Amino acid sequence: MLRVDQSPLQSIESVLAQVARREPESLNYCIERYSSLVWSLARRYSPSQADAEDAVQEIFLEIWQKADRFNPTLSAETTFVTMIARRRLIDRYRKQSRLLETTSSESDFDEQPDLTGSASAELMDEAAKATRCLDSLVSNQRDILRKSIHEGKSHSQISTELQMPLGSVKSFARRGLIQLRHCMDKFSVAGTGIAS
Amino acid sequence: MSFVGPVDFRMQELAAGFSLGDVTEAELHEIKSYESKIFQAMVERFEEVAARTFLTFQETAPAEPMPEELSSRLKKMAQGFNKKSAIPNVAKGSNIAPPIAPSSIGLREIAAWLCVAASIALVLSVWIPSKSDQIVSLQQQRDRLITRASDLVRSKWESTAPDQMQGFEFGEVVWSSVSQQGFMTIRGLPINDATQEQYQLWIIDPSRDEKPVDGGVFDIASVGESIVPIQAKLRVNTPTVFAITVEKPGGVVVSDQKRLPLLAEIAVN
Chain A
1 MLRVDQSPLQ SIESVLAQVA RREPESLNYC IERYSSLVWS LARRYSPSQA DAEDAVQEIF
61 LEIWQKADRF NPTLSAETTF VTMIARRRLI DRYRKQSRLL ETTSSESDFD EQPDLTGSAS
121 AELMDEAAKA TRCLDSLVSN QRDILRKSIH EGKSHSQIST ELQMPLGSVK SFARRGLIQL
181 RHCMDKFSVA GTGIAS
Chain B
1 MSFVGPVDFR MQELAAGFSL GDVTEAELHE IKSYESKIFQ AMVERFEEVA ARTFLTFQET
61 APAEPMPEEL SSRLKKMAQG FNKKSAIPNV AKGSNIAPPI APSSIGLREI AAWLCVAASI
121 ALVLSVWIPS KSDQIVSLQQ QRDRLITRAS DLVRSKWEST APDQMQGFEF GEVVWSSVSQ
181 QGFMTIRGLP INDATQEQYQ LWIIDPSRDE KPVDGGVFDI ASVGESIVPI QAKLRVNTPT
241 VFAITVEKPG GVVVSDQKRL PLLAEIAVN
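Protein chains in written order, with my numbering: chain A, 1 to 196; chain B, 1 to 269.
Some clues are possibly wrong.
Reference excerpt, derived from the structure (chain B facing chain A, CB under 7 Å, subset only) [said to hold, decoys possible]:
| id | residue |
| --- | --- |
| 1 | G21 |
| 2 | E25 |
| 3 | A26 |
| 4 | L28 |
| 5 | F57 |
The set of hints was computed from the structure by calculation and includes no laboratory data.
Bear in mind that the values here come from a model prediction, so they are computed numbers and not experimental data.
The beta-carbon is built from N, C-alpha and C at its ideal position, and this holds for glycine as well.
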């Protein structure tokens, strides 16, 4: 279960607002609260530990920079943070893909971490909103989206892994995401209003 | 969020692919045929869906505590960020970005809300491991951008004191709005002492909101040609002017434009 650290003096809704106001210690609170989430994302989307560490630094800088754009009436902080992190990681992946001839899935991470920690109520709430929509997908779509979005694998990697034509993987992934969007719209899950 | 006009399914597919990091060069070209703001809004919505989906899968995933050493580095970086960044014009308690000002706004006013990230390049420079490797890489990245970006715009730098610098070539700027990537090649700017002053890039894109986008703070460390990646802090759609100012270390919130050595204007078709 994802562990989200929390200072006892910190209310769960207000970290980004405090960062935006440059309140003392707010950046440290932000690091403590979202380090596990951002690190989880960076690990999955990065080819090496060194690359993941670089990515994490860039992501936190961007979170601090864009903290004033977070609107709590539109989304949860976790969604906002995850969006920024994924966008940055995908940008890095695109740039690396342009430079590298290979798209190796090899990772230099040593091992999977232990099952420790406790769940965040906010994360659980965010996740609950999407669970019903994910359940509505056919199993192929769900598996491909899991590998793409959660495990950070490229579609060509997924194609090899599932022995499925690349075009089919792309189609399943894209249409699955479109279906999820329609489903979440139906359940009135609001947008974030985050700007690029 | 709702989309303006009829929703084109192909456009949705491309936006979904873009948000998954999976579009081909040909599809990037195809994306150009769509109205950029509508497409961006669609991509943003899919990014949000993907973020929520990640969180759903993450609910049952193993916890992954960040390495202590990295956490310590981040906290040191936070100290530097706080010292070097000015407080933007955000009212206490407000989470909404400042409103867009009228079109008559100049560089002085327009920079006010932009510049939190002005110190990022300086802070990040601490983590860049090998300068020579980076120069090679930047050259390669720039070459590839020029080769592959079908929407590339480029312009030569011009001195703001042309009478004194007639015939001198300062280099150029290249930019692709599709890939949101660009590079400056710069010759002839004086080497700066980063503890005293730094160069700062501004990108003016009237199609956005007529406020220049912070393009990042950078240093000139050697004589000869420097290649500097553009670090646009906001999406740039149709840049018309790139401007370099000289500012205090970390950049400024409001530029007085007293020192604006180079400009590059993009010709409008």
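Do the hints match the structure? See the list:
For G21 (chain B), the interface hint holds, since its Cβ comes within 7 Å of a Cβ in chain A; the closest pair sits about 4 Å apart. Evaluation of the E25 (chain B) hint against chain A yields a violated restraint, the C-beta minimum of about 10 Å exceeding 7 Å. A least Cβ separation of about 13 Å between A26 (chain B) and chain A goes past the 7 Å threshold, and the interface hint is therefore violated. Taken as an interface hint, L28 (chain B) does not check out: its beta carbon lies about 10 Å from the nearest beta carbon of chain A, beyond 7 Å.
Taking 7 Å as the C-beta cut-off, the interface hint given for F57 (chain B) holds, the closest approach to chain A being about 4 Å.
Violation of the numbered hints given earlier is confined to hints 2, 3, 4; the remaining hints are satisfied by the structure.
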